[in-house]
Every structure is written in C-alpha cells, then in structure tokens.
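Colleague: Residue-level listing of the chains:
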Amino acid sequence: MRPERESRPDGDHHGGHRSPELEELLSSVARGDRTAFERVYALVAARVYGLVLRVVRDRAHSEEVTQEVLVEVWRSAARYDPERGSALAWVMTIAHRRAIDRVRSAQASTDRENRAARLDVRRPFDEVAESVQGRLESERLRRCLEGLTSLQRESVTFAYYGGYSYREVAELLTVPLPTVKTRMRDGLIRLRDCLGVER
Amino acid sequence: MNATTGGHDPHTLAGAYALDAIDDELERRRFEEHLDRCAECAQEIRGLTETAARMGQAAAVEPPAWLKDRVMAEIGQVRQLPPALTRTSASRRGRTGRSRWWPRVTAVVAAVATAAAVTVGVLAIQARDQLEQVRQVNRDLTAVIAAPDARTITAPAAQGGAGTGTVIVSRSQDRLVFLAAGLAPLPQNQTYQLWQIAPGQIRSAGLLRPDTGGHTAPVVTAPDPGATQMGLTVEPAGGSTRPSTQPLLLLNMPAT
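Residue numbers (UniProt numbering), protein chains in the order written: chain B, 1 to 199; chain P, 1 to 256.
FYI, nobody ran anything at the bench for these hints, they're computed from the structure. Beta carbons: idealized from backbone N, C-alpha and C, even for Gly. Misleading hints may appear alongside valid ones.
[Said to hold, decoys possible] Per label pair, the in silico range of CB-to-CB distance: (1) B:Glu38 with P:Ala158: 31 to 39 angstroms; (2) B:Thr35 with P:Cys38: 37 to 45 angstroms; (3) P:Ala198 with B:Gly32: 16 to 24 angstroms; (4) P:Asn189 with B:Pro20: 37 to 45 angstroms; (5) B:Thr179 with P:Asp140: 41 to 49 angstroms.
Isolated chain P, as found in the complex (with noise of 0.2 angstroms):
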C-alpha cells in the first residue's frame, strides 16, 4: 500500500519501538524520523514508553550495597553533558522540527564507546574472520613498531603477582600495543583487564585472556588522550567499568 514503508504502515511498529524490539537500526531512525513528523505518534509512544516503564518498576530488585558506593566514586570522574542544544529546545517547545528521540542517542553513543573499547582486546580471539583480525593485527602492530618514533617500555608485576607487561607508543601512527607475558592463568569467573589512564579519567582498554604459557594477544589501540600509564587488573568476568582491584601491572606511557 505504502511503497516508502514497504507496504507496513509505520504506525504498528509504535508497540516495538517502545519496547525495544526494532534491533534493526536503519528500520528504528526510520520510524523515529516518522515521529518527528507525526505528533499524535509521538503522543501515543510517550505513553507507550511510560508504560513499558512500568513494567520495569514491577520487577525491582535490592541491588548489593557496594554498588552505590562504586556509582558514587565513578561519577566523581565523568563529565556531565550540558543541556540539550538550542535548537532542539525551540524545535521541542513548537512540538515540531527534528529533535531526537530522548535517551537513545546518548546511551547508544556511550554503549558504542563502551563496547568498542571493551571488543578491542578480545576482537582477535572472538571475531567471527579470526583469520583476518589477526592479519590486521599484525599490520597495524608492524606499523607500530616499525615507526621511527616507537618507544617501549617494559615492567614486572607489582609485588605478589606474576607477569611482565610492555607497552609500545608510537605518536605519529597514534597507536599502542600492550603485550603481557607470564601471566598467572585465572578461573572461569576473573579476567584480566586493561586500563589506559589518565589524571581523572580511567578507560577500559579489553579483557585479556592470556593463553596456557601466559601470553596475551597483543592489543593495539590509539592511546587515549592525555593517558599517562596503563594498568592490567584482575576483574570478574565479563570485565568491569572501573578497576575494582589494584592493578597487577602499572606501565607509564612513555613520553614523546
């Protein structure tokens, strides 16, 4: 009936959209792009949404009392965005105009940030073409390296903990390569994790699975900006937000 939509009316996927069903990306901007023309179906999804919310409320649970405690230190260390831009405000107040639907752009683009930098270190092991992986691995590891500007420095496990690790940086390719050696094997429920800090800022850099001699897959990645070392700690697996544990190796990035 409608050739744009291919032939669904944009209207029944109200009930999907605001349950979180539509995983299809491009099908989601779509319709949300639907909304922003249409204000009853933005009415209709408001209450749809309040109403999925309530389903959520219906299923609380006490979370552990430690959790606070690591939200509370955690947000002494994240930015907070400042307010939505001008023009979305005047666009919302005329109730028209192409504003985006409230909360998934942040949470997609702190998911995907996220992610991306908890993916980084196992991509090798998990991705689907382990083949390639590796071979861009090994390339851009080459490139590293081979720059004339590659500087490397190597340190043992802090005291009580076994392992070597060595970070190599090279400015001008902008990338790094953290390598471990020796490393203790963990049980099923721990895993190694990779940190790059900097002052007031401590980002996940993957989890490490080291193999039965206790060498990790190297990681290369782009140093984070203003990053001064980088740190392995021993976490639950799955990996945390923030190091939970003292770090077993702490590595200074070498200066410029």
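The shape of chain B in the complex, shown without the other chains (with noise of 0.2 angstroms):
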C-alpha cells in the first residue's frame, strides 16, 4: 500500500525525514510558486539555520547563508531529483556545504579569529548532546552516536560539525589519514544502520 518512497515504518513519524509533502512543495515552487515556498521556508528554515550555526558558529554569518541556503532552493528546486534522495536531505546537502564554503573562505581569507573558534569545537557531540537535549530525533541520534568507537564518532562529528576536511581532521586527531577516511564511512555506516536510514 505504502508508495514505493515511503519511509519506513520505524522511522520517520516525528522527524518526517522522507516527506513527500516537502517533495510535492518543491515541484510547486520550481514553477514558482511562493506560497509552496513559503511552505518550504516553514518546514526547513529552523534545520538550515540550526545546522548552518554549529557550523559556521557565527550568528551573523550564519544568517547570511541561510538566506543564501533558502534562496538556492528556491533557484534550484527544478533540479531536485527524487531518485537521489529524500528532499529534506537535499536541502541539508546545499546547507551544509554552503557553510563549509563559508568557514573554508574565511580560512582562506586568513581570518584568524575565525580559525580559532573553529579550533574551539573541541566535543562537538557533547554540544550536540547538549543543544538538542529533549528531542526525540535528536535522542535517537546521541544514542546511536554513543554506540560509535570513539575515534568513529570525534572523525564523524569533527567533520560534520566542525566543518573541517578529512585532511584537518587526521591532524586533529593525530592518525593516519587512511584511518580518518576508513572511520569516517564506517562511523557512517553505523550511524545509518542505528537510525534506520531508507537505504
């Protein structure tokens, strides 16, 4: 009965992860559709900005790509191609790398303060932990961060959280970079197991 996109039944009933209402929104605002995107903007705007901040760290800064993350999808909303993915993780997708892109050129741009800060995250999960304490997506997803190794867990978080490269992170962490990459997939793996991600 379910449709073939459907998420699974353990999963998604509080987060909507794979919710074909923000697929359908999308296919109405890339024919441009604002009252679809105001929609969009409800359902996704709190995760961008949430996720843009503990990257970027700056409030500011991070309003600016956020407005830069929200306005991309209303651009690009044609190119959403369901057979990649859920939607939401779409728009994760662009937000994240938009603001690694961000934290990358202000390193570029020798911003030293701004490195600093960054060089900060020193228990990016412990954050985490902390931030989201008391929602039940962000429950399941300690817990299962919690059933990593620990160096699975720091090379996982310090390169989502932390926006750093795999490069940044074996130095870090002070391993061997085939190490870093191999913890990062398997801490991955681990992880999408343990939340149930649709494969």
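Given two chains presented individually in distinct reference frames, assemble the corresponding complex, making use of the accompanying hints.
Modeller: Put into structure tokens, the structure is as follows:
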C-alpha cells in the first residue's frame, strides 16, 4: 500500500525525514509558486539555520548563509531529483556545503579569529547532545552516536559539525589519513544502520 | 595496489564525501567520476548523505523572524533554474552515465559567484601578495581611466551622510572603477558594501574599508549587464547578500 518511497514504518513519524509533502512542495516551488515556498520555509528554515549555525558559529554569518541556502532552494528547486534522495536531505546537503564554503573561505582569507573559533570545537558531540536535549530525534541520534567507537564518533562529528576536512581531522586527532577515511565511512555506516535510514 | 588512485581504494572516500570533508577539488571530482561508474557506490553515498542530513536536522534552531522577509524579498529577484538537461534525466533513468552529483554544481557555481563578488573589493587589502595585487589594480585602474570612452560620475552622500563617491566606466575596457572619499569610520560590527544595481537585480560588488582619511581603495570590476546604478550601504560586518539599509551613496552609471 505504502508508496515505494515512503519512510520505513519504524522511522519518521516525528521527524518527517522522508516527507512526501516537502517533495510535492518543491515541485510547486520549481514552477515559481511562492506560497509553496513559504511552506517549504516553515518546514526547513530551523533545520537549515541550526546546522549552519553549528558549523559557521557566528550568528550574523549564519543568518546570511541561511538566506543564501533558502534562496538556492528556490532557485534550483527544479533540479531536485527524488531518485537521488529525500527532499530534506537535498536541502540539508545544500546547507552543509554552503556552511563549509563559508568556513573555508574565511580560512582562506586568513581570518585567524574564525579559525581559532573553529578550533574551539573540542567536543562537538557533547555540544550537540546539549543543545538538542529533549528532542526525540536528537535523542535517537545521541544514542546512535554513543554506539560508535570514539575515533569513529570524533571523525564524523569533527567533519560534519566542525566543518573540518578529513586531512584536518587526521591532524587534529593525530591519526593517519587512511584511518580517518575509513573511520568516517564505517562510522557513518554504523550510524545509518542505527538510525534506520532508508537505503 | 591501485596505481591510478595512488594506492587508495576510492571506496574509502565515501564517508568523507558524504560529510563534505574532501577539500581537494580534484580529489572530489575524481571520486564523483568514480560514482558515475559505480552504481553500488552511488547507492551507498545516498544512504550516507541521508545519514549526514539527519545529523544536521538534530541541530535545529529557529532563525530570527526577519530572515523570512529577507528571503521572500530576495526570491522575487532571483531567476529560477530550469529542470536539468534531458541528457541528465535520460542517464539518470538508466542509473548510469555521467550525470553530475547533485547539488554540488549549482551550489559551487553560486558560491563562487558570490565569493568572487564579495572578494573583489577586499582583494587589494587581504591578498597574500599585497604588492602584486596593488600593481594589478593600478594597471586595471590606469587602463580604465586612460580609455578614450571613460566616463566619470561623482555624487555626494545622501542627506545626513558623509562622503563622496565616484564611478568611472569604460565600456571598451568592460571595466568600472569605484572610489569613495570622506566616508565616516564605522564600528567593528559594520562595513561598507558596494552594489551594482540593474532593474530587478542587485549584486554585491564587494566590501569596502576606508582608511583613516575616509578614502577607499579603488574597486575595479566589470559592469553588470544592465546595471544602471551603483550604491554604497552600511551593512553588518561580513556583508549582506542584499542591501539592508538605505544607500548612503547612489550613483547613476554613466551612459555609453
């Protein structure tokens, strides 16, 4: 009965990860429907802003990046392809990449302050756990992150929330490059299985 | 073991790729090419990307309410992309081919465009090789000013503001130069930002930091097609994607 691309039964009743609504809205947005875009905004803005803020850390910059991301969603809605993944993952991927671009360009312009702020991300996992307390979705993520080895967890969270490249992570954790690559991959795989992410 | 990939199994990059942790453009492109040939890998990336996105959602924070107004205002000025080319959708249906990995391309193109626009104005001060930059700007500057079709417009700041702006345009050089003098110093959390204004489109032409005498370094850039005015606004440090205050200076671009 379930549409083929619907979420798993044990999955997404609270998070709407596979949100058919969002996918439909995006196809309306692709035709220039501003009302549909307002609903998209309502569904994704807090997630986009929260992620960007976590990576970029500066409030004013995060607001700008969030604006860029949402405008990009409007601009390229027609390019969203459901076969490639959920609509929300598409939006979050744009958000993460924009946030990373911002962090890396700040780095390139030798913005030392910003660099120092990023290096302060000693315990991204704890911070996440703290800031997302009480949310079911976050509880599950927290539990799943706890199931990783510490090297897997640090590799994955430093990269994702800290915005570090795998080379930087290797340097920070003083482990060889191939090890970091491997830990990022098997860490994410374990996380995927624990979260019950649809494949 | 594998000579073409420097002894590393490309598959191991899947995690780093899904986490956007490959900062070497060439390495990422190679991996994407590999994904185009390896259906299994593309499938894995999909799951891992989805997983990374879950990590992102767990960090949700409500943005300030005014952000929505800004976004809604901006989309009114942004042309939407058409759907991907038929070639891409055909290859997508076949699950093979050389379709690019979403949404890297558009995001990067847009990011580069934005970064380029923002960078132009600050290059002269921030670039690693300052002297070479200054020389280059001077060469460009000279080329514009010496062009036979160079036209100059100068205007004072709007009422209540301090400063004078000058724009010199040469259509034959496809360049414009912007200079300002007498600008008031700004607090740390604010910056001057220059804009090129065309009907229905406003683009940043960079952030400006006046010296103690209120002079800015000259901005040399290409005129936007259709741009009719240049504006200078005061924005929060780091700049804005759209002007958020009334322009302090507004200059009509000299007609050709």
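Colleague: Should the hint that threonine 179 (chain B) and aspartate 140 (chain P) are 41 to 49 angstroms apart at their CB atoms be regarded as holding?
Modeller: 48 angstroms, holds
Colleague: Given the range 31 to 39 angstroms, decide if the beta-carbon distance of glutamate 38 (chain B) to alanine 158 (chain P) lies inside it.
Modeller: 34 angstroms, holds
Colleague: So does alanine 198 (chain P) sit 16 to 24 angstroms from glycine 32 (chain B), Cβ to Cβ?
Modeller: 20 angstroms, holds
Colleague: Starting from the hint 37 to 45 angstroms, judge whether the C-beta atoms of asparagine 189 (chain P) and proline 20 (chain B) obey it.
Modeller: Hint holds: Cβ distance 43 angstroms, inside 37 to 45 angstroms.
Colleague: CB of threonine 35 (chain B) to CB of cysteine 38 (chain P), is that within 37 to 45 angstroms?
Modeller: 41 angstroms, holds
Hint violations for this structure: none, all hints satisfied.
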